Every structure is written in structure tokens, then in C-alpha cells.
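Engineer: Given next are the chains, with one letter for each unit.
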Amino acid sequence: MFRPRIITLTTDFGQEGGFPSALKGVILSINPHVYFVDITHSIQPQDVFEASFTLLVNYGYFPKNTIHVAVVDPGVGSERKILCAKTPRGIFVGPDNGLFSPILENEANAAVYEISNSKVFLPQISRTFHGRDKMAPAAAHISKGFPLEKLGPRLVDWKKLLWPKPIFEAGHIKGKVISIDRFGNLITNITGDDTKRIDKVSQVAVRIKGRSIPRMAHFFSEVPPGELLAIVGSSNFVEIAANRSSAVRVLNAKVGEEVIIQKAEISK
Amino acid sequence: MFRPRIITLTTDFGQEGGFPSALKGVILSINPHVYFVDITHSIQPQDVFEASFTLLVNYGYFPKNTIHVAVVDPGVGSERKILCAKTPRGIFVGPDNGLFSPILENEANAAVYEISNSKVFLPQISRTFHGRDKMAPAAAHISKGFPLEKLGPRLVDWKKLLWPKPIFEAGHIKGKVISIDRFGNLITNITGDDTKRIDKVSQVAVRIKGRSIPRMAHFFSEVPPGELLAIVGSSNFVEIAANRSSAVRVLNAKVGEEVIIQKAEISK
Amino acid sequence: MFRPRIITLTTDFGQEGGFPSALKGVILSINPHVYFVDITHSIQPQDVFEASFTLLVNYGYFPKNTIHVAVVDPGVGSERKILCAKTPRGIFVGPDNGLFSPILENEANAAVYEISNSKVFLPQISRTFHGRDKMAPAAAHISKGFPLEKLGPRLVDWKKLLWPKPIFEAGHIKGKVISIDRFGNLITNITGDDTKRIDKVSQVAVRIKGRSIPRMAHFFSEVPPGELLAIVGSSNFVEIAANRSSAVRVLNAKVGEEVIIQKAEISK
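Chains as they are written, first to last, in our numbering: chain A, 7 to 274; chain B, 7 to 274; chain C, 7 to 274.
With the rest of the complex left out, here is chain A:
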């Protein structure tokens, strides 16, 4: 049975203005047999890190031949390249600004190409919207089997995103909040596996803004409503949450806030 090719979209275009739909129209005009999934169009304008993080925690759930188009492109019109990266877990199309670098670190055997062959672009290219005029049609042609080697030269280097890594010190891990979700959960850059370098997950405590969360929870309702908890979240990062409430409101914390993981004290 025919399987449509899946193309995901991750952009900072917002829901107003119809910009995501222009990409879809361009793609469907080239290949009507694709199926779109919007990852999000609500990335903060020009926030490459947020786009990168959002795609990082989502791409693994898609079929392996999915094409992921990501357009957060503050350098549009300048000399920044456009990339196509093929990995065993998907094909990635977007600007060369580091957006895909955390994924490419995960995925061995990536083949990365510059997309410069004007055959895969629209005939008329605007100055400000290469997502629509270059990346979308390139993705459409790729979805129809356009050979990646003909997109442009193969690259051995590309822009790397400065990903904030947690710091392991004697007896504790120093990390920070890298994302805040709609529920007010604070997502840190410390993974569940990282915490094991201190102790079993159930034996570590979390400190943030002078508050101490005595141990990691298994689910939200383990603590009374309104109370803070720490938990290994759905993307394997340690998150700080508040049961039936919002940690960001309770703590008045921001992205960048320091978070410390240390051994839990023995309960009295």
C-alpha cells in the first residue's frame, strides 16, 4: 500500500500570517504525496537553540525516512549555507546555523550536503523567505527521490550550536534550566543518566533558587498539590515541576537558572 512521505516542520513563523502554509503549498505543488506534521511554529523569533532542542526531543518518534524541515533563520539572505543531513533516523533540511548539530552529534554516519543546486529551488527567490523559496522546494524534491549528491557539495564541517553541558564536580552536578514548557515545568540540561553519577535516581536531591527538593519523584501526584518536585521527564532530562501547579510560577525562574543535583540527605 502506498505510504505518503512524512515531512515535519519546525519554524518560528507563528500561527498568524500563513507562512507555514506557504511552505506546504510549495511542497504540495512539487509532490502532492507528502504528509505534513507540524512540530511547532511557535519557536521564539530567531531562537535557534529552542528550535534545536524541540526538534532534538521529537525527531526520534518519527519513522526513519521522515524529512524534517526546520526554518529558524536569522541569517536569511546572508552567506549562511542551507544543509541537507541524512542520518539513519531521518533527513534534515534547514539553515547551517547549528540547529541540527545536537542531532548530528547523536547520529553516527550522517552525510551532510550543502543545498546549492538551483534546480531544487523556486524559479524566483525572495530576499527574506528562503524557507519557502529554497528549503521547502528542496525538501519536496528530496521526498520525490532527488539524489542527495546532486544537491550540492558534501560537507565535512558545519556550524555547531553551543549546547550548555552540565558540569560534574565533587559530589554534585551543576546544570541549568534550558527550556520551560506550557505547564510551567523547568527542563534542565541534566539527564536521568547524568544523575546516576551522583547516586541512584531515587537518592538525589535538587537545588534551585535556594529551594531544595529532597528527592526525585516518580509521578506528579506523589507530592501535595502546589508543591515542587523533581522528576526525570519525558525526554530523559531532569525537570522541576509543581503538582497541579506551575513550577515557573512557584519559583519565578527563568531559562538559564542554575540547578544543582546532589546526594539526598538521609531523612530524619
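Be aware that a few hints might be false.
A pair holds if it fits inside one copy or across any two, identical chains being indistinguishable in the list.
[Said to hold, decoys possible] No farther apart than 27 angstroms at their CA atoms in a straight line, the calculated lysine-lysine pairs in the BS3-like style are these:
#, residue 1, residue 2
1, 125, 70
2, 92, 269
3, 171, 202
4, 166, 150
5, 215, 165
6, 260, 92
7, 150, 70
8, 87, 150
9, 215, 92
10, 156, 166
11, 269, 150
12, 206, 92
13, 260, 87
14, 92, 182
15, 182, 87
Calculated directly from the structure, the hints in this document are not laboratory data. From a predicted model like this one, the values you see are computed outputs, not experimental measurements.
Let chain A serve as the given structure and place chains B and C on it in line with the hints.
Structural biologist: Here is chains B and C on its own, set in the frame of chain A:
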């Protein structure tokens, strides 16, 4: 001709973060022949009533074999069950927290199952995102014909949502605002049919916050711009609106506000 | 190979409430072989101009047999007609309130019909939601090949939107801001071609709110971060932007703000 199976999604995940797309990726990885319709991802965080109301007024417009997945799940990780309810008007998958109970009251002959068979779950289950790890893959397997009887035990009881029913008193109906839409219309829990217990729809008046709306309108522009009107809305509930304006702004009303329906006074 | 018929949706329904999904459910119940693209549901409530502009700059990117449904309908329930307009670039379904008039000005050979044949409506029609009860089912029947001549009488006249045209005066063009996008770019009603009546695009200056932008840029990063620039944007309108910043914030400008294009002064 091949008909893709429709799966609708109703969540409180928001548009940021890509959570709805993770559900879609999981489902497409199991069954690429589905077609998604987002009912909404803008339910207020953990507001089971809003999710229930939104699905209630929309599910009837979908083909009868549609699978409706709804994930507003404040009890995630605790002991709350996950349900699959089959009715003549669709299949419903989501947490057992009352979300589907108003629909199940409408639909005779519902067969309700607990989803507990780990065969329909992802191999790895996070603590905080059962929408992605349990409900989405279960819905995908159901869309491929997985027998409902094998999902888990059939249930005869499930959580009921406390639905605010209007109160019928001598000469009037006492109801309340249960939802406010984007246009600022105040949707009440009183249906067009309810009002007939007072008089013909055209012969009833509506009181709210000390204001009286002398009779029900047939369309918005029946009253001058900016003026309040009451109307039987698109889901058969009495709504309070303001022509080319916003009733919520005019009245400064909130969800929960009391609304009285009574016989219209004879015009002088 | 089977090609699903594309239906786009442009509405002021918002993301909450599930109104767009009701249209989709109605359409899929009549024709399951359609493919939806949401242009936007974030039009400001009842803002026919914004809907018209958004559709105008997007419809050209879609396949020629796309059906564009647009529902911004402050006159719902009154005597306003519902239209179906067939042009060489698509079929348009929506209220007769001017929404499609800028497109119909562009497209020669449009055939415009009133949709009044109740065969293409839902059996039950609400007072407030003709998008769901009339326009969606009509579009679904059209997508299945329902003859346009049977929708209702052919029209030779329809409502025209008052589109603000730029004024050409001796040595300058007077226009205004007609839209502000998510990035804070101010989109004017002056096209790149219009500016050629003053001088080559690279030789014109732009004035707004007492500020002068000495010449048109080719890309955002041509000026230092935070600085204003003017550019021919992705829809061929002159836009005022701020590199890696927001022109609307820098200028505190609103829709309607006057914009002057004049010959650039010779650099000293």
C-alpha cells in the same frame, strides 16, 4: 478506494514544545495510514472540563469510525486508568478522569475497556507522558484493527465529570456560563431545547450580571453593533454575544457567571 | 496515483474551541479523500481585511485545483451571500464580504456563483456557524465534483474590499503599513514594482514616523543588529524591518502608519 483512518487529538499541550507532534510520530511509526485532525491543543493546562466540553461539541461532526484521542491528564503516573470507549459515533482513547463521561451519557451501547495490555504501549514508558507512551500507540494499534477486548478488562464503571446542569424553577431556568470562545461569546449550560420549557425560543429573555436581554436573536446583526444579544449557538447552547463586539468585554463576565432564562416581558 | 484534493482553511476561529476541526469533520464525512492545509485560524476576530491579505499572499503557492475556504464572517445569519469563485488559480468558498475581491482583481476569467442550493448544506443549519453548516459541506461537495453551475445563480457582481492603494505624487509614493508580522516587520501596501516609478529599487529611501531609512537592503544582516532597514519582502511588498530585532518595537508603529518612498539622497 483506500480511506485513511481519522484520528483526532484534543490536548492541553499547547503549540510550543512539539508535544502533539510526538504523539503523531508515534502513531505514524505504527500505522502510516492515518489522517490526523487536531481538535485543539489549547485546552487550559489540566482543565478536564474544558477538554470534555470541546470534544462533546465536535465529535458528532466526524465520520463514525473516527478515533478520538484526548489527553488532559493531571493524574499521569498515578493509578488512574486509561480507557478505550467504543460507541456508535466513534472510539475514544484517553485517561479515566471524566473527560469522556458527557459523551458516554449521550451514546447508548458504549463498550468501555481499560487499556492495560502492554503490547499496545511503547517499549519504554516515561513517568510524565503517557499520552505519547501509552495512549498514542494504543490508538495506533486500534486503528490497525487490534481487538478492543484484548486491550484490557471491560469496565462497567468509570469516572464521571461533574457537569453543571441547569436548574428549572417556577417560571425560570437558572444556568451558568460554562465556556467563553475566542469571539468573547459566553456559552451557557442551557440548551435551546431547555428554553422551550419556559416558552417558545423567541419569547424568552436572558438575565446576566444585572443586565436583561429582552429576547433571543436569530443572528448577530439583528441588534446594533456593540449591543448584547442572546442566541441559540452553533452547539445548541444558549450563548450571550455582542454584535461585532465581545460579550465578555461588555459584561466583564467569567466562566461560572449565573444566567437566568425567563419569559420575555411584553414589549410596551 | 491517487491525488487527494487540497482544501485550505483561513478563519478567525482561533486554536481554542475546536471550530476549525468541526469544519474538517464535516468535510471528511462527505469526502474522506481531501487533504487540509491550515493557512491560519488566527485572523483577528471579524477582520476581513487581514483574512483577505493573508490569503492573497499565500494562495499562489498552492496547486491550481486547490479549494480555498475562508470564513471570516461578521454578517453570518444576515442576508449576505455565500460565494464560490472559480479562477485559473483555485476555487474560493466563503462569505460575500470582500474577502476574495483582491484575488478576483488579480485573476481574469473568474466564474463566481452564489451558493444557495441547500443540497450542498448540512440538513440542520445553525444561526451562527455557516462556516460549518454551509461553506464546509459546499466545499466538500465541490471537491467531489459537484457542478458549480448547480450551486446557485452565477453572479456578475460581489462585494469589494476597500484596498488601500498607494498614492503616487511628484517625486514620492505615499503608502501605509497594512500588516505587521510575527517578527515585527511592517508590511506596506507599496510593492517592489511601485518603487521603480521613483527609481531603481536600490536608489530609493523610506520615511516612517520621522525616521529615514536611507536605502533598500538586500538582506536583513546588511545593517547592524537592531538597526532599521527597508526591503522588498517575500510577497513583493516593501517591508520595514530591524535586523535581529523588531521594527514594530523600534518604531512603535501601528497598522495604518504612513510610509513615504522617495529618491535616496546621494551619500556624502
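Engineer: When no copy is named, should residue 125 and residue 70 be tagged within, between, both, or neither for a Cα gap of at most 27 angstroms?
Structural biologist: both (26 angstroms within a copy, 21 angstroms between copies)
Engineer: Please work out whether the CA atoms of residue 182 and residue 87 approach to 27 angstroms or closer within one copy, between two copies, in both situations, or in neither?
Structural biologist: Neither, since 31 angstroms and 34 angstroms both go past 27 angstroms.
Engineer: How would you label the pair residue 156, residue 166 (within, between, both, or neither) given a Cα cut-off of 27 angstroms?
Structural biologist: Within one copy only: 24 angstroms inside, 48 angstroms across.
Engineer: With identical chains, the pair residue 269 and residue 150 could be close in the same copy or across copies; at 27 angstroms between alpha carbons, which is it: within, between, both, or neither?
Structural biologist: neither (53 angstroms within a copy, 47 angstroms between copies)
Engineer: Since the copies are identical, ignore which copy is meant and state whether residue 260 and residue 92 lie within 27 angstroms (CA to CA) inside a copy, between copies, both or neither.
Structural biologist: neither (35 angstroms within a copy, 44 angstroms between copies)
Engineer: Go through the copies and call it for residue 171 and residue 202: within, between, both or neither, with a Cα cutoff of 27 angstroms.
Structural biologist: within (16 angstroms within a copy, 52 angstroms between copies)
Engineer: When Cα atoms must be at most 27 angstroms apart, do residue 92 and residue 269 count as within-copy, between-copy, both, or neither?
Structural biologist: Answer is neither; intra-copy 41 angstroms and inter-copy 48 angstroms both fail.
Engineer: Could you place residue 215 and residue 92 in one of the four classes (within, between, both, neither) given a Cα distance threshold of 27 angstroms?
Structural biologist: This pair counts as neither: shortest intra-copy Cα distance 41 angstroms, inter-copy 48 angstroms.
Engineer: Are the CA atoms of residue 87 and residue 150 at most 27 angstroms apart within a copy, between copies, both, or neither?
Structural biologist: within (22 angstroms within a copy, 42 angstroms between copies)
Engineer: Between residue 215 and residue 165, at a C-alpha cutoff of 27 angstroms, which is it: within one copy, between copies, both, or neither?
Structural biologist: For residue 215 and residue 165, neither the intra-copy (33 angstroms) nor the inter-copy (39 angstroms) Cα distance is at most 27 angstroms.
Engineer: Check residue 260 against residue 87 for me: Cα-Cα at most 27 angstroms, and say if that holds within a copy, between copies, both or neither.
Structural biologist: neither (32 angstroms within a copy, 35 angstroms between copies)
Engineer: When no copy is specified for residue 206 and residue 92, does a C-alpha distance of 27 angstroms or less occur within a copy, between copies, both, or neither?
Structural biologist: Cα proximity of residue 206 and residue 92: none, with 37 angstroms in one copy and 42 angstroms across.
Hint violations for this structure: numbers 2, 4, 5, 6, 9, 11, 12, 13, 14, 15, all remaining hints satisfied.
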